[in-house]
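Novice: Chain order of the listed sequences is V and E. For what it's worth, the numbering used here labels the leading residue of the first sequence as -10, then goes sequentially. For what it's worth, the numbering used here labels the leading residue of the second sequence as 561, then goes sequentially.
Don't take each hint at face value.
Claimed, not checked - Think about it this way: if two alpha-carbon atoms lie no more than 30 Å apart in a straight line, the pair counts; the simulated DSS-like pairs of lysine-lysine are:
id, chain 1, residue 1, chain 2, residue 2
1, E, Lys774, V, Lys12
2, E, Lys774, E, Lys653
3, E, Lys653, E, Lys714
4, E, Lys774, E, Lys830
5, E, Lys714, V, Lys12
For the record, the hints were derived by calculation from the structure and aren't laboratory data.
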Amino acid sequence: MTSAAELQQRMAAFLRRPRDLAKDEEARRFAETHLGGNARLSPVEQLEIYREQFFLRHTDSLVEDFPGVGGILGQAAWDELVWAYLATVPPTSYDLAELGVGLPDFIASREGLERRELLVDMATLEWNHVLVFSAPDRARLDPAKLASVPERAWERARLEPDPGLRLQRVRYPVVALRRELVAARDDERSEPVPLPEPLPACLAVHRRERLIHHDVLEAPAFELLRAITAGEPLGRACETAAARAGVALEELGRGLEGWFGDWAARGYVVDVMLGD
Amino acid sequence: MTAARLGLPDLGVGVGLRVPHYRRLFAERPPLDFVEIISENFMGAGGRPRYHLERALETYPVVQHGVSLGIGGPDEPSATYLARLRELAALTKSPWVSDHFCWCGAGGAHLHDLLPLPFTPELVRTVADRARRIEDALGVPFALENASSYLTYKGSVLAEWEFIAEIAERANIGLLFDVNNVFVTAYNHDLDPVEFVRRVPHERIVQIHLAGHKNLGTHIIDTHDGHVIEPVWDLYRMTIERTGPVSTLIEWDDQIPEVEVLLAEAERAKAERDRALTARAAGISTLDAETLQAVRDAARAPAGTTTARSHGTRQGGPRESERGARTADSTEAAE
Chain V
-10 MTSAAELQQR
0 MAAFLRRPRD
10 LAKDEEARRF
20 AETHLGGNAR
30 LSPVEQLEIY
40 REQFFLRHTD
50 SLVEDFPGVG
60 GILGQAAWDE
70 LVWAYLATVP
80 PTSYDLAELG
90 VGLPDFIASR
100 EGLERRELLV
110 DMATLEWNHV
120 LVFSAPDRAR
130 LDPAKLASVP
140 ERAWERARLE
150 PDPGLRLQRV
160 RYPVVALRRE
170 LVAARDDERS
180 EPVPLPEPLP
190 ACLAVHRRER
200 LIHHDVLEAP
210 AFELLRAITA
220 GEPLGRACET
230 AAARAGVALE
240 ELGRGLEGWF
250 GDWAARGYVV
260 DVMLGD
Chain E
561 MTAARLGLPD
571 LGVGVGLRVP
581 HYRRLFAERP
591 PLDFVEIISE
601 NFMGAGGRPR
611 YHLERALETY
621 PVVQHGVSLG
631 IGGPDEPSAT
641 YLARLRELAA
651 LTKSPWVSDH
661 FCWCGAGGAH
671 LHDLLPLPFT
681 PELVRTVADR
691 ARRIEDALGV
701 PFALENASSY
711 LTYKGSVLAE
721 WEFIAEIAER
731 ANIGLLFDVN
741 NVFVTAYNHD
751 LDPVEFVRRV
761 PHERIVQIHL
771 AGHKNLGTHI
781 IDTHDGHVIE
791 PVWDLYRMTI
801 ERTGPVSTLI
811 EWDDQIPEVE
821 VLLAEAERAK
831 AERDRALTAR
841 AAGISTLDAE
851 TLQAVRDAAR
861 APAGTTTARS
871 HGTRQGGPRE
881 SERGARTADS
891 TEAAE
């Protein structure tokens, strides 16, 4: 006799199949063995209701989180991508908001996908939106604490970034494109939105006052923030950033004061921890 | 003898808290006895969801309802999930926390659905044991809801009401009784909804759900996208006549209407509830034999119906989220 757990394991696998189970001989045999059916619906037709709900629910959730990716692809290619994604990367979290965690990498791995770099940029941006949307709230860094840091302590100090901050290098102007695509969708426009040429930029995606902002940063400042968010002490972070941005350490140092002022005003950094 | 509602409070009539209504509910504070939140939408640490939860807590009593526990699944409930649920319950002061008699996934995959359980003694033991431990872990009374279903198992040896009653008794937990789900399940599986209402342990019902659904002929999908239908109002009064006053909630999760429509549905629930309580106090019923037969007839799928398939009809919530990212580039307001 099949235990409940065995039955559920097998059923869960059928419910993630991308095609109509009524046309699936193995599913039909499973359903006829284990499910009741009735005078109106065969056992496999009953099972198919849940398979369809699986795809409707998860497709809806991905549409909500990735309107830019969907807008670039168009309906048919979007459906194909999402069904392949759900079949390959099953949802594992109780939280539907985490459904798209693997989508940027999945798109990056799709050989032959047209406009792949643009799609990866867009998927990454939209995933960053999801992450910052519900990131923990943190109070801004107290200026008095910042002012109290002794000069000699800065080199070994570590700065704690706001959990609502994500950094992204983009190859295409995806922020503006997403705005256009969402507007076209909302206005139910039939003409396609023109897709842009590359325009690289360094972005800070940051939630402030419950809104998500896209701040364009200079490359050295972006690299410094990257190193800081990776946990490097400030002295080493400056060296890393200068090397990555291809600028002299002294040149980077000249920008520090202005960047720190901007970051403090925007709330990128929420605490400063002094080294031992 | 078990106290009515397990001794838990009657909160009156409330509605499911949904994103399109936030602005007006929080600004205008229309009279509602309570609101219900979907626990999973607020289990994150911060951001907009936490902001809106705080506004809700300032405005109304809040009850928590979950959709992702999957208590009857092959895997034990996640300790991380339970810890977050406990933290949220401490914040909301929800008088009870509920989820569903269902399973949600297997083999590491979470299907985000309320999948029906085989009604077997094996699962009675499993679910009752887990329910006891979950209530201990949460530190607040725990209740489970009868889910709507679209399939049955050949291995089921108990009626659904027997399965529910046995688990509730063994685990000493509450029931969230969804009257619309009774109707949907009765229609989909050729059951008698009146018998279903009669046979559940009424003193354990701590909350009631009401919602609309979509009838596709061969089966009903529990869409939560419209008004409660008349036979479900009848079943609701029948339930209240047996339970006495029980917190009642209108769920509306898709095709969400203006606040006024939702509030009118809640007013209707209050009126139906008052009518049933008046009849109960007088020792009579609002439902005569003819009405009960009409309810049974409404829950009977017409013979020869062959319009199979859902054709894209999406099962209703409670599944909404408020994730649609609002950006500073957009013209949308912050709330």
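Novice: Now tell me, hint by hint, if it's right for this structure.
Specialist: Results for each hint:
At roughly 25 Å between alpha-carbon atoms, E/Lys774 and V/Lys12 fall within 30 Å of each other, so this suggested pair holds. Annotation: proposed proximity of E/Lys774 to E/Lys653 is violated, straight-line Cα distance about 34 Å (limit 30 Å). Of the supplied pair hints, the one linking E/Lys653 and E/Lys714 is violated, its CA atoms being roughly 41 Å apart against a limit of 30 Å. The suggested pairing of E/Lys774 with E/Lys830 holds, with an alpha-carbon distance near 24 Å, which does not exceed 30 Å.
With a C-alpha separation of about 22 Å, the suggested pair E/Lys714 and V/Lys12 falls inside the 30 Å cut-off, and the hint holds.
Comparing the model with each earlier hint shows violations of hints 2 and 3; every other hint is respected.
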